[in-house]
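S.K.: Now for the letters of each chain:
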Amino acid sequence: AQRVTQPEKLLSVFKGAPVELKCNYSYSGSPELFWYVQYSRQRLQLLLRHISRESIKGFTADLNKGETSFHLKKPFAQEEDSAMYYCALSPLTGGFKTIFGAGTRLFVKA
Amino acid sequence: DTAVSQTPKYLVTQMGNDKSIKCEQNLGHDTMYWYKQDSKKFLKIMFSYNNKELIINETVPNRFSPKSPDKAHLNLHINSLELGDSAVYFCASSQDLGRHYGYTFGSGTRLTVV
Chain A
1 AQRVTQPEKL
11 LSVFKGAPVE
21 LKCNYSYSGS
31 PELFWYVQYS
41 RQRLQLLLRH
51 ISRESIKGFT
61 ADLNKGETSF
71 HLKKPFAQEE
81 DSAMYYCALS
91 PLTGGFKTIF
101 GAGTRLFVKA
Chain B
1001 DTAVSQTPKY
1011 LVTQMGNDKS
1021 IKCEQNLGHD
1031 TMYWYKQDSK
1041 KFLKIMFSYN
1051 NKELIINETV
1061 PNRFSPKSPD
1071 KAHLNLHINS
1081 LELGDSAVYF
1091 CASSQDLGRH
1101 YGYTFGSGTR
1111 LTVV
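These protein sequences, in sequence, are chains A and B. All residue numbers for the first sequence refer to the numbering used here, where the first residue is 1 and numbers rise by one. All residue numbers for the second sequence refer to the numbering used here, where the first residue is 1001 and numbers rise by one.
Treat the hints as calculated values from the structure; they're not laboratory data. Heads up, some of the hints might be wrong.
As the list claims (entries may be wrong) - Computed spacing ranges between beta-carbons, pair by pair:
hint : chain 1 : residue 1 : chain 2 : residue 2 : range
1    : B       : Lys1052   : A       : Ser12     : 41 to 49 Å
2    : B       : Asp1018   : A       : Ser26     : 34 to 42 Å
3    : A       : Ser55     : B       : Lys1052   : 16 to 24 Å
4    : A       : Ser28     : B       : Asp1038   : 36 to 44 Å
5    : B       : Thr1007   : A       : Lys73     : 32 to 40 Å
6    : B       : Ser1020   : A       : Ser30     : 22 to 30 Å
7    : B       : Lys1052   : A       : Glu80     : 37 to 45 Å
8    : A       : Ala1      : B       : Asp1038   : 44 to 52 Å
9    : A       : Gly16     : B       : Pro1069   : 47 to 55 Å
Yeah, the Cβ is synthetic: ideal placement off N, Cα and C, and Gly gets one too.
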């Protein structure tokens, strides 16, 4: 069964500190992984996707197939990074339902 | 030039009423979705249409009925509203079933049932 687990509901860090938002997945086939961000009372926006291997707003995420993880990282957190972050999995084969994790609220303190 | 637009943005209504939420996308995407975000911010898929055909229909009460007149529109009608229906409803669209490019979301409709 498809599953996306974000173990932390809330993550609080100081400005300038490194941040890592954890995401683990369970899927028997070949997945595509995404991170979405939702700033306060705004729409969800696609932050980055594994396939493009990009860095957006200083965030990166590496797919580790051995550990089935797709953690989101940023070396120096900024106050404007405070938001809700969702990890999502989309099957590349054998289905088309994208599954979202429960989300992690990141709070960056001044 | 909004890509996925939902109306209304806010909806406050009494229990037992019937209401509709509209969604339109101008991205040329083939697939549209309705998601429900509860008070704990958990996102749950409700429905998905691909080229006007229903392809995802999760365990949702029959009071919820989606309608897709064309691939650019996906509306959600809710009958006999209940307190538990209070949530934020997000519309989204994607190309290639969201496999490679992810979803584009609307700004959400905050439904409050009193």
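S.K.: None of the hints should be skipped; say for each whether it holds.
M.R.: So, going through the hints one by one against the coordinates:
1. Lys1052(B) - Ser12(A): 41 to 49 Å: holds (45 Å)
2. Asp1018(B) - Ser26(A): 34 to 42 Å: Taking Cβ atoms as reference, Asp1018(B) and Ser26(A) lie about 39 Å apart, which means the hint holds.
3. Ser55(A) - Lys1052(B): 16 to 24 Å: violated (38 Å)
4. Ser28(A) - Asp1038(B): 36 to 44 Å: violated (28 Å)
5. Thr1007(B) - Lys73(A): 32 to 40 Å: holds (38 Å)
6. Ser1020(B) - Ser30(A): 22 to 30 Å: Distance hint for Ser1020(B), Ser30(A) is violated at roughly 38 Å.
7. Lys1052(B) - Glu80(A): 37 to 45 Å: holds (40 Å)
8. Ala1(A) - Asp1038(B): 44 to 52 Å: Distance hint for Ala1(A), Asp1038(B) is violated at roughly 21 Å.
9. Gly16(A) - Pro1069(B): 47 to 55 Å: holds (51 Å)
Comparing the model with each numbered hint stated earlier shows that hints 3, 4, 6 and 8 do not hold.
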